[in-house]
Each structure stands twice: as structure tokens, then as C-alpha cells.
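Protein chains: 2
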Amino acid sequence: MKCCVIGGTGFIGSHLIQALLETGRDVLVIGRKEKNRVNLPGGVAYLQGDVSDAEFIENALEGVGEIIDLAYSSVPKTSFEDPLNDILSNLPSSVALFNAATHFPIKKIIYVSSGGTVYGEPLFLPITEDHPTNPISPYGITKLALEKYAKMYFRIKGLPIVSVRPSNPYGEMQIGFVGQGFVATAMASVLMQKEIRIFGENGTVRDYIYVGDLARAIVAALEYGSPGECYNVGTSIGRSNLEVIEEIAVLAKKNAIEPRISFMPHRPFDVSANILDAEKLHSVSGWHPLMGFREGIERTWEWYVSQQASGQY
Amino acid sequence: MKCCVIGGTGFIGSHLIQALLETGRDVLVIGRKEKNRVNLPGGVAYLQGDVSDAEFIENALEGVGEIIDLAYSSVPKTSFEDPLNDILSNLPSSVALFNAATHFPIKKIIYVSSGGTVYGEPLFLPITEDHPTNPISPYGITKLALEKYAKMYFRIKGLPIVSVRPSNPYGEMQIGFVGQGFVATAMASVLMQKEIRIFGENGTVRDYIYVGDLARAIVAALEYGSPGECYNVGTSIGRSNLEVIEEIAVLAKKNAIEPRISFMPHRPFDVSANILDAEKLHSVSGWHPLMGFREGIERTWEWYVSQQASGQY
Chain A
1 MKCCVIGGTG FIGSHLIQAL LETGRDVLVI GRKEKNRVNL PGGVAYLQGD VSDAEFIENA
61 LEGVGEIIDL AYSSVPKTSF EDPLNDILSN LPSSVALFNA ATHFPIKKII YVSSGGTVYG
121 EPLFLPITED HPTNPISPYG ITKLALEKYA KMYFRIKGLP IVSVRPSNPY GEMQIGFVGQ
181 GFVATAMASV LMQKEIRIFG ENGTVRDYIY VGDLARAIVA ALEYGSPGEC YNVGTSIGRS
241 NLEVIEEIAV LAKKNAIEPR ISFMPHRPFD VSANILDAEK LHSVSGWHPL MGFREGIERT
301 WEWYVSQQAS GQY
Chain B
1 MKCCVIGGTG FIGSHLIQAL LETGRDVLVI GRKEKNRVNL PGGVAYLQGD VSDAEFIENA
61 LEGVGEIIDL AYSSVPKTSF EDPLNDILSN LPSSVALFNA ATHFPIKKII YVSSGGTVYG
121 EPLFLPITED HPTNPISPYG ITKLALEKYA KMYFRIKGLP IVSVRPSNPY GEMQIGFVGQ
181 GFVATAMASV LMQKEIRIFG ENGTVRDYIY VGDLARAIVA ALEYGSPGEC YNVGTSIGRS
241 NLEVIEEIAV LAKKNAIEPR ISFMPHRPFD VSANILDAEK LHSVSGWHPL MGFREGIERT
301 WEWYVSQQAS GQY
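Protein sequence lines correspond, in order, to chains A and B.
Numbering of the first sequence is given in my numbering, commencing with residue 1 and proceeding in unit increments.
Numbering of the second sequence is given in my numbering, commencing with residue 1 and proceeding in unit increments.
Some clues are possibly wrong.
[As the list claims (entries may be wrong)] List time: in silico PhoX-like cross-link candidates among lysine-lysine, alpha-carbon distance up to 20 Å:
#, chain 1, residue 1, chain 2, residue 2
1, B, Lys157, B, Lys194
2, A, Lys2, A, Lys108
3, A, Lys77, B, Lys194
4, A, Lys253, A, Lys108
5, A, Lys157, A, Lys108
6, A, Lys157, B, Lys77
[Unchecked claim] According to the in silico footprint, chain A covers these stretches of chain B (three or more CB under 8 Å from chain A):
#, segment
7, 93-99
8, 148-155
9, 216-224
I should point out that these hints are in silico values taken from the structure, not numbers from a laboratory.
Ideal placement from N, C-alpha and C gives every residue a C-beta, glycine not left out.
Chain A on its own, in the form it takes in the complex (with noise of 0.2 Å):
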């Protein structure tokens, strides 16, 4: 029985497919790229295609036994650009995914949503997932109408399908300037003597999860989530982008290099802040964050300075 992953060969995909092969799974990954472009462990079968087409995905499921959709074509900030692409790029796919997975023994199937962006402007914090979900992002939008039909599914076709919804994962393989991952752009952009900006007075308030961690709580939610419910992936902790900035000044001290930041006005489309509450994933598995943020960002910071030794940045 093999455990497919759509979208596999990303930042969470990478450390997700890690995470699957410590369990023992045999992982198959999906992905629109080449396969000679797609770098992934030993044993990992790779698949190229497009999810959207019916046959394509029809033979692609045939002795599958769990799912893991991770596939998105867009950011925040290039749906705010683009709304009809993030429409169109990311609403069919997962869709004729849901669709055509009805059709297969599927044990259990996970979407992965964006607890950073469904809930919108936050009525109350820690962020439950009861509270009302009014994304102020086209992004945020088409991640929450993919719940929907992964909920709809379910309700009638019986689909075991779960939403996980992250807040904002950091760690080794993100890459800056991409319109998403605050960590990983201000690594960036302290080792390439680059401005920071920052909207507002310290900037927003974030809820950053390891990228190790969140790994082990989708293969948590794929074993012991209840289908048809979604689940927040968060710490309970918030961080404004200053505190974020003061770690990774500590950390580029040893390098004899300082952050440069530039301050600029509140933007309407970012929400204050953002952290989750993940009471109800711990509570039916168990799982809890392992990672200290001062340890991630350090682990973080490292890979970043390899990745300049070897003319990343």
C-alpha cells in the first residue's frame, strides 16, 4: 500500500517524505516538474503529470492507500495579483484529486490548508478552529473552498478526508524572496546585506512552526485524524517580526554581520497576527511541537550560511 504525496518535491514536501520513510511508508510523489529536475531519497518513486487530468490521476492512484495533497501554485502575495490564476491553477487539480481518489480503497487522504490565512483578521488567540474563517487573501480563500470540498466529500461520498491547517513553518530548504516565509527571507537578506522591511510598528505577530514538526503532524493527522474534521498545526506562540529579526541578529553577530532593517506602513492585506491553538491534534494523537524556536532558527541560520558557502547566496 503506498502512501502518494502530491506536491512532494518542496520545502514541507522534502521534509514530509522524510518524515513518511521514518514510518516505514512507501512513498510515491507526484509533481508537475521533470523527473531529472526532482531530486528525492533513495527508494521515493516519482510520477510526473497533471493531478487535473482525470486518467492521468486514475492510473497514478491504482494501489495507493493514503494521500497527502500538498500541491499549491500560488503565495499569498501572487493571488493578490492574480486571483483567477490562483483560481485556476490550484481549485481544478485538488478538486478532480478528491474526485477521482472516491474511486480507489483510500484509507485516508490529507489536505494540507493554511491555518495562517482561512481564519483572516483573529477575533480572539490563540485561534481555534471553531473560530469564523474569513480569509483576506484570494489565497486564504481558495485553501478554505478546498476544505469545503474535502469536507463535502466526505459527508457525501465518504471520503476519509482531513484538513490540516498549519500556521507559518520555517526551516532548512525554505527559499527567500518568494512572497512567503518571513524567516526564511530575513536570513536571506542579512547574509546578502539586504534590507528588511517591515510593515507597521514591529511588524505582524506570527505563529512559526518548525518544519520538522509540522512533517510529524501530518503523518500524525494521516494516522489518527477523523475524517471530515481539520486541524490547526501551530505552537500557541506568537512572534512579531522584530523578535524574529533579534534572533537571527544574535546568530549573524558571529558572522560580524547585523541586520538592516526598513520600516515601512501597516499593509491593509496583512492580518495583526496569527497563532494557533493545536489542542485538538494533540489531543486525538498525541502530537505536540518538539522544536525549540531558538534551536530552529539556529538550524535554520546554518543551512542558510551552507547554502552561501556554496553560492546560493
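Got chain A sorted already, so can you dock chain B onto it with the hints?
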């Protein structure tokens, strides 16, 4: 200042245009049909075009002060048969419309959502606007997603957009056998001596609102609705399919015909009951339904009988 109705040539649209004309408004209708296939009251302008075409809609909105978005290319039944088409034929055009509207000095824009589908299985009755929204049809999901875009464009760009959530409209000019509109399908079935299928013991319970009352509610939301908010439009009264048929049977008896009913098992994609509390719209606008169910059914029946006399059924 023109009031622009997108998709104004259908069942609700024709009643709405009448209500708008009665308030003295200058009405422009935008639709996909050719002009010579559209039947509009004198003085109403018509523009044929595709709303998702940015250049077309930017030109069309010149001089427009109010917009009502009624266009929808699917009904719940067809959305199940082809969920991708439900996405592709509805989301891009309304999002493009909202986006284009941000470039004009629009006084108010109304998005006509669906109170009959966005809530899903009710946790309490009658349903208020803060009830959870977990649609169990693709149609309900795309309607809900468009409400979220509406709210986002208000929050981010200040677009003065209001969503209305009608219950189940019925009345003259509703067409039967299109997978939506139980009253229309039941009346047409009786007149054609076709069996009416009821799913479950008494069928589902719905909140039937006379289309003239709905048209006045949309005008009330246009005049008094608060931007960023959504408003139920319903009667707070639920009727089972069987109760509706009993009302029709009284009228049919005069024509010496009798409804023929076949009972089918309950369908998993039907919510058992949907009854809406419209106190929120009442409190801001004074609107409330004026048409009694018996009188509304009588008018609708008379229209159907006249249609049959003219060879329509």
C-alpha cells in the same frame, strides 16, 4: 447613475428588474445571450458580453453606480455532475467583476449567494447568518467562496459589497425540470401528468419565498445593506415537499387533475431542512415578505396554466 444587473434575463432577474424600475432606477442588463434572444421591459438597456473579459467589463461599468450580480451557470444538480465546470464557469467571472468594480465609484454592489445551500446540514432552525457554513454541494461551495471574495474586496479595497442569501424562491416564470425549483417542477409535472419524485418520507423541508418578495429584498439590501455583511432572505417557515404538493393538489382539482407521487429513498446530498431567519435584513431595512404561501402558489399555478394554454407545457 445606472444600476447594472449581471445575468438579469433569468427567473429572479426578470422580477428584480421590475422592482428596480418601480424605484425609478435606470437599469442596464449584462448577459451572455444575443440581444435579439432577450426579452426585457422597455427602457432597459442590454449589453451582451463575457464579464470575465477585463476590457469588456471595464467599459461596461462606465457610468454605473450600483451592481447586482445574479449570474450563475450551474445549479446544485449540475454542479455534482461536473464540479470543475461549476468552478470554471462561475468563479473567474464574478471575481473579475468584483476586481473591475474596485476601479469605479460604485455606491453599492450586491452579490446574490444562496441561503439554501451555503449552510449545509442545519445545527439549528431557523438559520441565522452566523450559523456555520459547510455546504454539501459544489454549487454551495462556489457560492460561499464568492461571498468570501466579496468580504475580502470590502476589507482590502473598500468595495461596498453586500451578499444576500435567499432561501428557495418560487413564482411566475420559474422553469421546471432544471434540477432546481421544486414548486416549478411539481406544477409542470402535475400539468403534464408526470410523476413527482419525493426523496424520503415527506421529502425535504424548505423555506419557499415568493420571487417578488426576494426581488424587493435585493432592492432593500442595495439601499440599506452594510458593506461586508451578508443577509438571509427567507420567511422563517418550512414546508415539506408533501405539503407543497397538497397546496398544488387543491388548485389542480379545479382543473380535474391530480398529482402523481412516487416515493424514493432519501438522498445523501439533500439537507433535511433549510429555513432562514431574515431578522437581520428586516432590522436594517424594514423588509419582510408580503406574499402568503397560498396566494403565491395560486399566482404561480395560474401562470403555469396560462403557459400550458399557450403550448409551453
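We went through each hint and held it up to the structure:
| no. | hint | in the structure |
| --- | --- | --- |
| 1 | B:Lys157 to B:Lys194 | violated, 51 Å |
| 2 | A:Lys2 to A:Lys108 | holds, 11 Å |
| 3 | A:Lys77 to B:Lys194 | violated, 54 Å |
| 4 | A:Lys253 to A:Lys108 | violated, 47 Å |
| 5 | A:Lys157 to A:Lys108 | holds, 13 Å |
| 6 | A:Lys157 to B:Lys77 | holds, 15 Å |
| 7 | 93-99 | holds (count 3) |
| 8 | 148-155 | holds (count 5) |
| 9 | 216-224 | violated (count 0) |
Checked against the numbered hints listed earlier, the structure breaks hints 1, 3, 4, 9; every other hint is satisfied.
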